[in-house]
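2 protein chains.
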Amino acid sequence: MEIIENISFDNLDVILKRPGIEAEHLDGTIKNIIQRVMTSGDEALKELTKKFDQVILDDLLVSRQEIEASSLNVSTQQKTAIRKAQANIELFHSRQKKETLKVETMPGVNCWRKSVPIQKVGLYIPGGTAPLFSTVLMLGIPAKIAGCKEIVLCTPPDINGDIHPAILYTAQLVGIDTIIKVGGAQAIAALAYGTESVPRVDKIFGPGNQYVTKAKQMVNLSGTAIDMPAGPSEVAVIADGAADAEFIAADLLSQAEHGEDSQVILISTSHELVTKVNSAMDEQLKLLPRKEVAINCLSNSKAILASDMQEVIAISNA
Amino acid sequence: MEIIENISFDNLDVILKRPGIEAEHLDGTIKNIIQRVMTSGDEALKELTKKFDQVILDDLLVSRQEIEASSLNVSTQQKTAIRKAQANIELFHSRQKKETLKVETMPGVNCWRKSVPIQKVGLYIPGGTAPLFSTVLMLGIPAKIAGCKEIVLCTPPDINGDIHPAILYTAQLVGIDTIIKVGGAQAIAALAYGTESVPRVDKIFGPGNQYVTKAKQMVNLSGTAIDMPAGPSEVAVIADGAADAEFIAADLLSQAEHGEDSQVILISTSHELVTKVNSAMDEQLKLLPRKEVAINCLSNSKAILASDMQEVIAISNA
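For the protein sequence lines, the chains are A and B, in the order given.
Each residue of the first sequence is one higher than the one before, counting from 1 in my numbering.
Each residue of the second sequence is one higher than the one before, counting from 1001 in my numbering.
Just so you know, nobody snuck in bad clues.
Derived DSBU-like pairs (lysine-lysine); straight-line CA-CA distance at most 35 Å:
id, chain 1, residue 1, chain 2, residue 2
1, B, Lys1276, A, Lys114
2, A, Lys144, A, Lys79
3, A, Lys114, B, Lys1017
4, B, Lys1149, A, Lys114
5, B, Lys1017, A, Lys98
6, B, Lys1114, A, Lys84
Calculated directly from the structure, the hints in this document are not laboratory data.
Values in this document were obtained by computation on a predicted structure and should not be read as measured data.
Construct the entire structure; sequences and hints are all you get.
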C-alpha cells in the first residue's frame, strides 16, 4: 500500500479520489436485459442464467426439499455462529422500533410521522466466490422486524444449479420462504417488474457487482425503490502508534478482498505503525484465498501520514 | 373528473396508472447542461439563465441589500403567516431529534446508530408562477435543526433578475445567507459540482419540474446525494357520504393546480358525495388563477366508487 507523507490539504481531493463508480458504458447491456425480462419473464431469466451462470434450470424457485436439505450441509459450528449473529442483529434492530410521536403544533392540530412496513421487498444476495449469508441476516431480520408481508430473496445458482446451503439455511432461519435462483441484472429486473416465478416487489435491497448496481439504478428511475447503489467496498482505519498492526492489516484486507475496485485507507500519525501494517498485510496475504483480488485493490489504496490527530480527523472527514 | 364505478381488482393497475414519470428523452439535453456547467462554471450559468429565464445577470449571488430590502416588500399579514408556519414547523421537527441509543449485543460489544448533520446542503426552490416560500421553511428549518454548516439556496430569477421578496424574507428568517439566482437543471449541476459563485454541496433537496428532477437523478449517479426524485404532485382523498364536498374539492384542486401531470384521486362509498365534489370543483375552478393547469390535471384524475370502506382501503393501498 502506497505511503503518502507531507500531504497538502489543497490536493486532498486527488489523494482521496475513489475508484470510478460511473458505469455509463453498461447502460445498453443492462437496458437490454431489463427489456428481455419484461417481455419474456421466466423464459428470459432461464436464458440469461444459462448464459451468465452456465446452468440450465427447470425451476427458478428453490424447492421446500432443497431448503430442508440445506440444514444437513451446514456444519454445527457454522450453525452456532449464524444463530449467534442472528440473535445480535435481532437485538440491535428490535431497539430501533420507534413510538409514533404526536406533536400538537396548534390547538387541535396534531402532526406525526408514522413508520409502516413496506409490503413486498426483494433482497439481492450476491453469489460467486463468497456466500454472503451475513447479508441474508442483515437484510432479512430488519424486514421481518418491520413487518414486511412478502420477502423475496434472489441469488444466483452455482454451476450445478444449487444455492450455497449456508444461504438457504440462513434464509429459512430468518423466515424467508421465497428464494429464487437468479442473479445479476436479470434478478433486479424480475424483482422490479415480476415474472411467472418472481413476485414484483416495492423496494429492492442488497449489494451486488456493477451490473446489479446499474440495474438497480435503472429500475429506480421507473418507480421501484432501492436502498442505495452499493458502490465498491471501502474502509478507513484511523490509528496511532499504540495500535495493533496485525488487527489493522486484517481489517484492511477484509474489505480489500471484496473486489478489485475496492479502496482501503489507513490514516495514522505513526510512520512506524504504517510500516508494520504493510508488513503484516504482506504476511497475511500469503494465507488469503482471495489474494489476487486483494492485491489489485491495494494498488488503489493508501496509507496517509498526518502530523497530529487533528489532521487525521480532518483527512477522515474529507 | 371521471367517475369510475363497479371497479374490478383485476384491472386496478390500469385505473390507478400514474401519468408517466419517465423522461428519457431529456437525457441528452440535461447531460449537455451539466457538462456546460462543469466546464464553464458561472459563465455557463449566466448563459443558461439568459436562455431560459430571459434575463442577463451580473451577479448570481443575491446581495445583502436585496435580502434586507425584501422585508419591505412583504405585507405584515404575510409576515405573520410565515412566522406562524415557521414556529409550527420548528416545533414539529425539533421533536424528531433522537438520542443515540447504545445496544450491548454481547458483553463489551456496544453498537449504535448516530445521526450527524450533512455539512453542506443545497436547497432548490422552484420559481415561476408560485413563489414556494413554504418549501424554504420546510427544507431550511430541518437543515438548521440538524446542524448543517452550510446551506445554499438556488432559485430562478424573474425577468427583471429579482427573486420574489417572500422567498428572500423567509430565507433570512430561517438563517440562510447564501442565495443564488439560478434555476433549472443548471442550478442542480452547480450545486453538484460547484462554480465560482455556487459552493459544491453534499446533498440536494427540493422539488422541481421534470428538468430539475432529471438533473437530480443524473448528478445522483455520480455521487451527489439527493432527497428523492420529486415526481408530479398527487393526492388521494378518502371520504364517505358525511364528508364536506366543498373541502374535498378544495383539497383536490390544491394539488391539481400544481401541474398538468399531477393526479388527484377521490375514493368514496357515496355516489352522491362524488357528484357534489365534481360540482363544487366546477364552481371553485371559476375562481382559480391556475384554472388551465388544474383542468388539464383533472383529465388524468379519477373519482372511484367503492362498495364499502374495506374496499376503499384496499384501493387506497393499491
